[in-house]
Amino acid sequence: MDKEINPGETIIHNKNVETALNDDQVSMSTMQFSRRSLSTQVTITQRAYLEVFGLKNYPVGVELGEEEMRIGRGDDCGLKLPLHGVSRQHARVYFRNEEYYIEDLESTNGTYVNSIRVSRCVLRNNDQIEIGQAKIFFIEERMRRKSI
Amino acid sequence: MTTGKNSPAQVTFWGTRGSIPTPGRTTEKYGGNTPCVSIVYDNNYIIIDAGSGIRNCGLELVGSGLGTSENPIDLHLFLSHTHWDHIQGLPFFVPAYVPGNSFVIYGSPNKERFLESILSDQMDTQYFPVEMTSLAANISIREMSDEALRFGDLAIDWQEQVYHPGGSVRYRITVNGRRIVYASDVELDQIFFPDEKTEETERLAAEYLAFVDKADLLIADGQYTEEEYKTKKGWGHTSIPVLLEIAYRAKVKQLAFFHHDPQHTDKLLNELWTKYSPKYHTADPPMHIFWAREGLTMPI
Ligand SMILES: [Zn+2]
Ligand SMILES: [Zn+2]
Chain A
7 MDKEINPGET
17 IIHNKNVETA
27 LNDDQVSMST
37 MQFSRRSLST
47 QVTITQRAYL
57 EVFGLKNYPV
67 GVELGEEEMR
77 IGRGDDCGLK
87 LPLHGVSRQH
97 ARVYFRNEEY
107 YIEDLESTNG
117 TYVNSIRVSR
127 CVLRNNDQIE
137 IGQAKIFFIE
147 ERMRRKSI
Chain B
125 MTTGKNSPAQ
135 VTFWGTRGSI
145 PTPGRTTEKY
155 GGNTPCVSIV
165 YDNNYIIIDA
175 GSGIRNCGLE
185 LVGSGLGTSE
195 NPIDLHLFLS
205 HTHWDHIQGL
215 PFFVPAYVPG
225 NSFVIYGSPN
235 KERFLESILS
245 DQMDTQYFPV
255 EMTSLAANIS
265 IREMSDEALR
275 FGDLAIDWQE
285 QVYHPGGSVR
295 YRITVNGRRI
305 VYASDVELDQ
315 IFFPDEKTEE
325 TERLAAEYLA
335 FVDKADLLIA
345 DGQYTEEEYK
355 TKKGWGHTSI
365 PVLLEIAYRA
375 KVKQLAFFHH
385 DPQHTDKLLN
395 ELWTKYSPKY
405 HTADPPMHIF
415 WAREGLTMPI
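Protein chains in written order, with the numbering used here: chain A, 7 to 154; chain B, 125 to 424.
The set of hints was computed from the structure by calculation and includes no laboratory data. Here a beta-carbon is modelled for each residue, glycine too, at the ideal position from N, C-alpha and C. Don't take each hint at face value.
[Said to hold, decoys possible] Calculated Cβ distances over 10 Å to all of chain A for the following chain B residues:
hint : residue
1    : Lys129
2    : Asp319
3    : Gly419
4    : Met422
[As the list claims (entries may be wrong)] The list that follows gives simulated cross-link-like pairs (lysine to any residue, SDA-like), each with its CA atoms no further than 25 Å apart:
hint : chain 1 : residue 1 : chain 2 : residue 2
5    : B       : Lys403    : A       : Lys62
6    : B       : Lys129    : B       : Pro423
7    : B       : Lys377    : A       : Ile50
Using the sequences and the accompanying hints, generate a full structural model.
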């Protein structure tokens, strides 16, 4: 979690929820191929990122994993924001029940989601988080795709 | 989140949808559960309305180790009225089944039938497999008097709202000099812009303005767009432009649109926010407006 962010860099965490659909030996009579052969090639991928704007030489993207990500000025933050108005440990993003949440860690200047000050909020695609001078977009992708 | 003395009260939206739950892809941002809001301050647990959202409220409480038989708590549920979308979650509220919890349900005294019979009828075996008498918590149902209720530093007062079929109640929570008002299920258009102004509408308008005056957070019915309202007059819900105008007149600081129409998708609610919020955000004084969404907790 202890990573310094370089401009333009995307840090990939180990989150890549893959659910292989499985179905034993079922073939559908109306189809040219078995359901199994179809479904074993499909994976559902869920990925989420924080994209930071408002900093010199940024944006920067951080991929979220299942572990908690701390946001703040502190060296131990997964997303380090060396900015005015950002507390040492400002907020955290965590994953629970297949959802991402942001929680303010009693920061001095508050955590905002879509311009509203929050203590905690479930995150949805394209939510705009404001922490100090930084604007951070939460981007979530859910894909069903054929694996090769 | 701390909820101790001198920290802010924490207001959480568990259900924001009006009329009927609307699960699905087009409502996942603002949520599909029917009305439920909790206010927590210094170990006082206040819940307003028991729509389907109360289910998640109960699960979170118990999940955090509160309201369990090892760690029982006192819960206070205030009902705005007993339309189905405001009580349907009650049989799914887990802490009500836990012995040792105290659970007080408050509602309007001005009903034709006793609140208790309305609630227990919902759990008649013809409608639901578990009867209300099997709720193991210490449950009491109270019809409120005119006096404000106090829980530690937190005070609650209420007023009847007439422009909704069967009526409804609005609540005001005062804590640490801050005010949170919950005023759902009311047609303000009929009070503030009636076809004909009467002494009665004037009185109701003045009462409303005084009640929500300078609220730090107003959670209010703004179900219909201006267009939709034309065909929904008399249905008991407020149109967006009227709510905006009245809330701004009352110097409300943050306005949460609530009781979203079941037909309103995330896309539409996003568009409404984009359309209306900049004007009020940059006004002097500003009023911050947003469409309430499930899973949001605000410090007030
Ligand atoms: Zn309703
Ligand atoms: Zn109603």
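- Query: Which of the stated hints cannot be reconciled with the structure, identified by number in ascending sequence?
  - Reply: Hints 3, 4, 5, 7 contradicted; others consistent.
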